[in-house]
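Peer 1: Single-letter residue listing:
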Amino acid sequence: MYEKNGEKYFIVDSHMHYWNAAPDNWVKGAEQYAKGWIECFHAYQSLGPPETHWSIEHFQKYSEDDLMKDVFEDGHVDVAIFQPTYLKEWYAEGFNTTERNAALGEKHPGKFIANTRFDPRDGDVGLKALQANVERYGSKGVKLYTAEWNNGSRGYKLSDPACYRYLEAAQNLGIKNVHVHKGPTIWPLDKDAFDVSDVDHAATDFPDLNFIVEHVGLPRIEDFCFLATQEPNVYAGLSVVIGGLMFARPKFFAKVMGELLFWVGEDKMTFGSDYGIWEPKWQIEGFVDWDYPGEEFSDFPRLGVAGKKKILGLNAAKLYGIEVPAEYQLKDDTRGAPAEQDDAKLVDEAAPVAGA
Amino acid sequence: MTASTTATGAGLGEHTPGPALAGHAPAGHAPVAERPPGPAAVLEALGTVRDPELDEPITALGFVASCALSAAGDAQVRLRLPTYFCAPNFAFLMVADAYDAVIALPVVRHAEIVLEDHFASDAINGGVAAHAGFAQSFDGEAVGELHMLRADFLRKAVMAGTDQVCRPLIVAGTDPARLRGMVLGDVPGSRALERLRQRRAELGLPAGDDAPLLIDPKTGAAISDDAVPLHLRKARTTRISIESNGSICRGMLAHRYNSPGPGAEDEEDQ
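The listed protein sequences correspond, in order, to chains L and Y.
Sequential numbering of the first sequence, starting at 1, is according to this note's numbering.
Sequential numbering of the second sequence, starting at 1, is according to this note's numbering.
If you are wondering where the hints come from, they were derived from the structure by calculation, not from laboratory data.
Quantities reported herein were computed from a predicted structural model and do not represent experimental measurements.
Any given hint could turn out to be false.
What the hints assert, rightly or not - Negatives, chain Y to chain L, calculated, CB over 12 Å: (1) Leu54; (2) Val171; (3) Gly173; (4) Arg256.
To be verified - Some chain Y residues near chain L, calculated using beta-carbon distances under 8 Å: (5) Thr83; (6) Arg109; (7) His110; (8) Ile240; (9) Ser241; (10) Ser244; (11) Ile248.
Beta carbons: idealized from backbone N, C-alpha and C, even for Gly.
Kindly generate the complete structure, drawing on both the sequences and the hints.
Peer 2: So this is what it looks like as structure tokens:
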């Protein structure tokens with residue numbers, strides 16, 4: 001939890017990792033990809049505050065103790081959701097698998113939710129693995145990489161018949177939340193791997209599943225926004241938006257937040273630190289303090305305390321059925337609550353002073 | 001392979017980051033009034049090549065690591081990108097466009113364009129050098145060429161450019177509803193307007209003085225009255241998306257390389 005100015009925030013980090021990208025896990029003959037991948041992630045970290053940067057060695061493989069300290073002790077997080085990424089073409093035991101994550105989670109009851117994943121190109125074998133993971137780890141969500149290379153295939157779409165079969169199976173197993181990562185294009189593709197139109201089809205055809213588009217479709221925020229505004233079950237995962245822009249590019253962060261608040265709304269945005277790319281502490285503290293920098297943003301929707309509470313934890317808690325103690329709940333937990341209007345009014349009144 | 005391995009042998013005039021392009025002309029080799037036939041001309045040609053996704057020149061983005069031109073007319077260009085895994089389709093377009101732009105210079109006899117530090121460097125460099133298309137360069141891993149992709153992003157650039165042109169008009173007091181009746185010739189000249197005209201022309205969309213200011217970038221049809229607010233809203237979102245993306249790319253590139261690169265410019269909005 002995080003407390004500021006007498007307000008208590010329940011924090012759900014809905015997108016984080018426990019990876020091993022050190023040379024001991026590199027596939028022989030594919031070292032350059034394993035190395036290139038983690039260096040690319042490391043460059044993202046450079047967009048955060050300098051005092052939070054890690055050496056590449058530490059970044060390749062951080063320990064359980066590091067994670068517990070960075071995320072929970074120092075990082076204010078109440079519940080963290082693992083989003084696995086396999087990349088077994090380059091990482092012998094996977095980059096961060098369901099098993100690796102869950103093994104850590106089991107040591108710390110109540111702290112973690114272990115999501116799993118599937119790849120519709122894995123056929124019946126993959127369906128069995130999905131079932132086994134859900135039964136063993138109680139997963140309520142899956143992370144999907146539609147651009148992942150698999151046995152000669154250059155990616156898939158959520159709207160593919162094979163993927164619909166998996167989505168149906170996942171739903172029957174009790175999966176509620178589908179976290180979709182769009183791009184980067186890992187292998188040569190003549191199409192746009194960031195294209196989000198397949199999410200549109202799947203979200204329409206699976207109204208009981210929630211689709212959280214991680215990184216809000218970056219770099220195709222506009223396509224994502226136009227889609228999310230039409231689909232009630234599409235959410236904006238803010239990982240990378242806060243980590244990559246809030247410190248390094250505050251004006252763009254304000255603009256992107258303004259767009260998301262306009263098209264998607266504060267009820268459908270979820271915080272994710274993307275740890276170990278960025279530590280959650282500075283992101284949460286900065287986000288709670290955040291407001292638009294100046295009057296040129298006056299026509300964007302405001303974000304008050306209630307909206308920040310939703311984004312930092314309450315929205316994801318609803319998606320995952322996480323019990324939130326009463327002291328962290330909104331005073332009147334209904335849409336368009338009076339608290340929200342008060343916040344908006346306060347910001348409006350303060351705006352001319354800030355802009356002057 | 002890194003920038004430090006770039007050949008700097010005899011006869012190559014290396015162009016390093018610097019403010020004044022003309023200052024790099026070999027002294028005494030060209031009359032003052034004439035454009036210097038050196039690396040500066042190559043850099044200028046590279047300035048016409050855009051990242052299709054970010055809609056900015058590769059020079060301004062800092063993607064040119066170095067460029068050189070020998071007295072015999074051999075051009076050597078080294079390109080670099082923000083990450084090892086930047087999308088290979090866009091990377092291919094930039095390398096191929098850079099080759100076309102440089103080889104078109106009368107002073108250039110032979111051009112070598114090398115993309116460095118990228119997972120697909122070999123396929124892209126080899127493909128462009130052999131004048132093979134994208135599909136042939138990535139044999140078995142791609143099935144089509146990239147014209148459609150390029151057109152998709154040009155349409156985004158037209159939307160973003162619409163915001164760049166219309167926002168100042170609205171700020172200056174033009175009622176947004178009035179924009180619908182305006183033609184391009186009604187808009188005071190600006191860099192943004194010129195850019196919008198160019199992008200529209202590239203797509204085969206009307207770009208002359210009598211063309212409507214607000215058009216559908218797919219069909220070229222004028223935007224109807226009731227669709228104007230949504231059109232302007234989408235134009236703004238598209239611009240923010242592209243510019244934010246460019247901003248992240250610049251940040252990543254700065255982390256990866258210490259030098260700004262010849263012709264690099266800071267983003268306009270920060």
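Peer 1: Take the hints in turn and mark each one as holding or not.
Peer 2: Hints and how they fare:
no. : hint   : in the structure
1   : Leu54  : violated, 8 Å
2   : Val171 : violated, 10 Å
3   : Gly173 : holds, 16 Å
4   : Arg256 : violated, 6 Å
5   : Thr83  : holds, 4 Å
6   : Arg109 : violated, 31 Å
7   : His110 : violated, 27 Å
8   : Ile240 : holds, 5 Å
9   : Ser241 : holds, 4 Å
10  : Ser244 : holds, 4 Å
11  : Ile248 : holds, 6 Å
Hint compliance for this structure: hints 1, 2, 4, 6 and 7 are broken, all remaining hints hold.
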